[in-house]
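All chains should be built: construct the whole structure from the sequences, respecting the hints.
Here the protein sequences come in this chain order: A and B.
For what it's worth, this note's numbering labels the leading residue of the first sequence as 1, then goes sequentially.
For what it's worth, this note's numbering labels the leading residue of the second sequence as 1001, then goes sequentially.
If you're looking for bench data, these hints aren't it; they were derived computationally from the structure.
The structure presented is a predicted model; accordingly, all values stated were derived computationally and were not measured.
Even glycine gets a Cβ: it sits at the ideal position worked out from N, Cα and C.
Treat the hints loosely; a few may be bogus.
Going by beta-carbon spacing under 7 Å, a handful of chain A positions derived as facing chain B [unchecked claim]: (1) V16; (2) A42; (3) V45; (4) D46; (5) L49.
In silico DSSO-like links for lysine-lysine, alpha-carbon gap of 27 Å or less [claimed, not checked]: (6) A:K25 to B:K1066; (7) B:K1077 to A:K15; (8) A:K25 to B:K1102; (9) A:K15 to B:K1066; (10) B:K1032 to B:K1393; (11) B:K1393 to B:K1423; (12) A:K15 to B:K1102; (13) A:K25 to A:K3.
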Amino acid sequence: MKKEEIENRLHNIVKVYLPQDVNSKDIQPDSHLMQDLGINSAHLVDIALDVEDAFDITLDEKDMEEMQTVSDSVHIVLRKLES
Amino acid sequence: MSKQILKRVVITGMGVVAPNAINISDFYKALKNGESGLKYDQQLADLNFGCQVSGTPQLTDEHLVKYFTPLQLRGLKASGLVYGVIAGKDAFNDAGLTIADKDNALSSFGIIMGTGQSGGEKFREAIHLIDDGRVRRLGSTSVIQTMTSGISAWLSGELGAGNVVTSNSSACCTGTEAFIMGYERIAYGNATQMLVGSTSDSGPYIWGGFDAMRIMPTGYNDNPDQASRPFSIDAAGFVPGSGAGAMILEDLDSALKRGATIYGEVLGGSLNSGGHRGSGSMTAPNGDAVQKCIQQAVIQSGISNKNIDAINGHVTATGKDAYEVSNWVAGLQLTDQFPYLNSFKSTIGHCLAAAGSIELVGTLLQLKHQEIFPNQNITELHSDINAIYPAEKLPTKVVPTDIDILIKASFGFGDVNAAVVLKKW
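And the structure:
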């Protein structure tokens, strides 16, 4: 899967969890999910589950801890798909 | 407490999700016209329930999106939570209150929305995932959907409550109990507005236990709107229902200052229990306690028995209906002058934890419109009722009449009682 497609899919996953005052255009590669996009910490759990479903992968504790920004997430997915 | 004078408390907002209507104006019409919300329930049939009739609110996706964001709706399976959020937000809006700003909760606004248990369907999903060793797949909403106080916590987040936020639970008394608890909180000066009420899930996991106890009717699966027959000689058990009722209780001074619509005044209420003593048990009421509860509500309200114009009973359509009526007669010492007496369960069934609050909303609509709504499905008055209560006071058609004071009671599983006295505003 191309990086671009992963980014697209992640964008679509993340935008569902944005607070009402954050626009989906604000989702940039270096956006921090909680600090920049204002995503509730409880929802990071749901994002991880959606990512698992979207790419048919399993994320462990370490992956989830590393998933701080959008590009972190892209790298983790790439790594999982390649392994 | 004794040093202070109790504040006067009025009702300034209402919301309802009932088997026969999902908003206040439709609920008024449905109760007035005796429209049944009881339907054949395919899911109960598929699961071999004896009773295949239920009163399930008819919500559509179009309706849901007015109250929930797409994100909130994802994986949302707790039907009671859904009903409670809709009724609670409607009551808040109906009262004309303003949601808290981003940084400051409303310190004098609290919430007591009770329930029996929340999100049976969600809990079932969680149990399967946990038993499969996949606990991390539960996601983040399992807790809010299955915890008893989930409904109050959710509404608090939506509205910004800064006073007490809790959920009570006392079976079929839950809604009436929440109402009385909220009333007391305001009467004692500890809150200005309280969102009170209750909610109850739909579905086999909440109703199954009652079917197993064989206290639901099994002979009306082909005639669902005939299944619930309060006061009738052929009452065959209660029909399971669900939904939510919510009301805003408010300090009278605040309500007047805001120019709020006032549906009625709360004069007083009483809560007690029969302790499974005397005639009481887990499932049967201790009649002495029922009578005491009614009497205490009257005494606390500072009225006399003969001031009561109408009774909205619990009356579930079981073999115990006549016993309840006899407790009203004895409790209020009725001899020659009888208040109107009705039950809404013929059209909405028994909404369990939501029964008290949904019926309180209906009772307040009677007070507001000065009408007694009809009892349905009385083929012939039960002979034990007919012997002690005049048939014309159990109306089967809507009765426009002067209602100054009305008493509503709920009696619950576990031998618990709640009664509240309301006055026209």
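- When the hints from earlier in the document are held up against this structure, which numbers fail? none
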